[in-house]
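Chains as they are written, first to last, in the working numbering: chain W, 1 to 306; chain S, 1001 to 1280.
Just so you know, not all the hints are guaranteed correct.
As the list claims (entries may be wrong) - One side only, chain W facing chain S, incomplete, derived with CB under 10 Å:
hint, residue
1, Leu-42
2, Ala-158
3, Asp-172
4, Ala-174
5, Arg-182
Everything labelled a hint here was simulated from the structure, so no lab data went into it. We treat Cβ as the ideally placed atom computed from N, Cα and C, and that holds for glycine.
As a plain string of letters, each chain reads:
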Amino acid sequence: MHELYTWVFEPGFFTSGPVRTALVIGGLTAVVSAVAGVFTVLRGQSFAGHSLGDVSAAGGSGALLIGLTPLTGFIGLGVLGAGAMDLIGIQRVRGRDLATGIVLGAAIGLTALFLYLDTSASATTGAAQQILFGSIFTITSTLPVIITFSALALGAIALIWRPLLLATVSSDIAAARGVPVRLVGLAYMLALAVAVGLSSLTVGAILSTALLIGPAATSLHLTTRMGRAMVLACLTGVAATWAGILLAYDSYYWGSAHQGLPVSFFIVAVIFAAYLLTALPARRAAARPPETAAPVTDATGDQIAA
Amino acid sequence: MTEHAPASAPATDVLDVAGVSVSLSGRQILDDVSFAVGAGQFTGLIGPNGAGKTTLLRVILGLQRASAGTVALAGQPRSRRDSSVGYVPQKVLLDPDMPMRARDLVALGADGHRFGVPIRSRARRDAVAQMLHAVDADRFADARVGLLSGGEQQRVLIAQALISQPKLLLLDEPLANLDIRSGQEIVSLLARIAAEQQVAVLLSAHEMNPLLPVMDRVVYLAGGRAASGPADQVIRADVLSSLYGYHVDVLHVHGRVLVVAGPGAGQDADLAAAPAGETG
C-alpha cells in the first residue's frame, strides 16, 4: 500500500513549496478558465479565445522586456486585444473571424519580436518556454494578485450570466427584452481576456486554449443543464491541472536521466483524454431518440421527431 | 390603475403604428405604414419576401429606428425596455450542444434580461411548467432544446415569449421552416392563446392560406406600403394592385387564395416584390 502511495506521489510532492503553490494557483486558474470556457464554446468564440492567448503571449513577452511580471502583460494586452476585437466587429458573426484573425496575426508578430529581444537581452532561452508554454513551478506573481483577477473574472461572468445566456441563444430576443447586447458581449470578452491571461501563467499563452475549451467541451457532452455543465467543467479543469502537476513532478523520477517533463504537456494530455472519453458515449446518446415517458396522447396528437 | 381609464372611453389599441417610414442605406424599405392591432386580435402580416415585414417588426420592437412615424403600445409611445411585447424572431438557431432543456429556455424568457445568475424558486418553476403546458410542450419539457423538431422548438420559443405576460406577441415567419401539419398546429395554438390569454398576435408570413381561418385582420405589405383591415377587404385585386403598382389577380381556388401577377406585369415587376401566395 505504501509502495503504491509512493509510486503515485513521489517523495516530497506534498512538502514542496513550489508544488503547493502550483496546486493552488493551477486549480484557481483552471476554475476561471472552465467557467469562461463554457460560454466561449456556446457562443462559438473558441477562435477568439485562442487569439486572446496569442495576444497574451505578446503581452507577456513584452512585459518581460520592460521588467514587469508576465501576468501584467498577459492580462494588460489581452484586455486591450479583446477591446480591439470588439471595435473591429466581433459582435457581428461575419466580422468575427476577420477581426480575430487580424488581431491574432499582429499578436504573433509582436511575440516573435519581443521574444527575440528578451532572449538577446538576457541571453537565456527560458523566456520563450515560460511565456508560450507556462511555468507553473516558478510563478512570479503573488497569490493575492492572482486571486483578485480570478474574482474579477468570475464576478463579471456571474453578473452578466442571464443576459449573456439569452444573447447567446438569440441576440434578437435579448435586444428586444432590453438587454444591452453589445455591452454584455464586451464585458464577457474582457472577462475572457483575464481568464486567458491567468491560464497563460500556468499552461502558457499558447496552450491556454486547451484549458479554456477542453474542460468546457467535455462537460457539454455530459449534461443538459447549464449549472451542471459549469461544475463539471471546473472539476475537469482542476482535476486535469492537478493530475498534470503530479505527473510532471513524478516524471523526474521516471528515467535515470532525472529530467522533469513539462507540466503543460501533461495537463493538456489529461484534458484531451477526458474529452475523448466523454465524446464517444455522448455521440451514442445523441443518436438515441430523446427519452420519453410512457406514450402520451396529447391534445394535438402530433408525433415527436427525434 | 382603474381611474386612468374611464369606463366610457373606447378600448385602447394594443399597438398603433402611424405613418412609419424606414430608409436603409438610401433604399426606402417602408413607406408611410399605418395600422392598429386591438387587444386579443390575431393579425397576419402578409407580404412577399423583401416586402419589409422583418423591418416593420423590428421597428415595433424598438430595434430599428424609423425615419418617420410613431409606434405606440397601449396608447403610450414605446420605450426602450418594454416587456409588454413578446418576440419570436425568424431564425433562432438552437445549438444541439447548448446545455439547455426546453424548460430552461422558457425560464430565460421570464428573467433572462436581469443581471446575475438564475435563482431557483417554486414560483418560477410553476410559472414555467404552466407555460409549457399552455403550448402543449409538457412531453419534451426536459429534452435538450437543440434536439427538438422545428415545430417543438417553435412551441418552446412561443412559451419563452409569453411567460413575461405580454399584451402583444410578435412572430417573424414562424411557419417558414415547418411542414404543413406542424404549421397548422402552431397557427391553431396561437389562435387559442390569443383568445384564452387576451394576447394580441401579429404574425408575419409570406403564405397567407394557413392563416385565413384564424386571422381577424390582415396587414398586407408590398413594395414598402401597407393595406390593413379584415381579410376580405384587403385581399382584393384592386387593393393589392395599387400596393404592388401593377395589376395582380386574386384567385379563389378550392378555398385557397392565390395572388398572381396579372398579364403584362411579369416582365417589369421587381422579382423581390413578386406577389405572395402563389406557392405552397
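Evaluation of the interface hint that places Leu-42 of chain W against chain S, nearest CB under 10 Å: 6 Å, holds
Chain S contact restraint on Ala-174 of chain W - CB to CB distance below 10 Å: 7 Å, holds
Chain S contact restraint for Asp-172 of chain W - C-beta distance below 10 Å: 4 Å, holds
Hint status (Cβ of Ala-158 of chain W to nearest Cβ of chain S, threshold 10 Å): 5 Å, holds
Closest C-beta approach of Arg-182 of chain W to chain S relative to 10 Å, hint status: This hint is violated: Arg-182 of chain W lies away from chain S, its Cβ roughly 13 Å from the closest one there, beyond 10 Å.
In terms of the numbered hints stated before, the structure departs from hint 5 and from no other.
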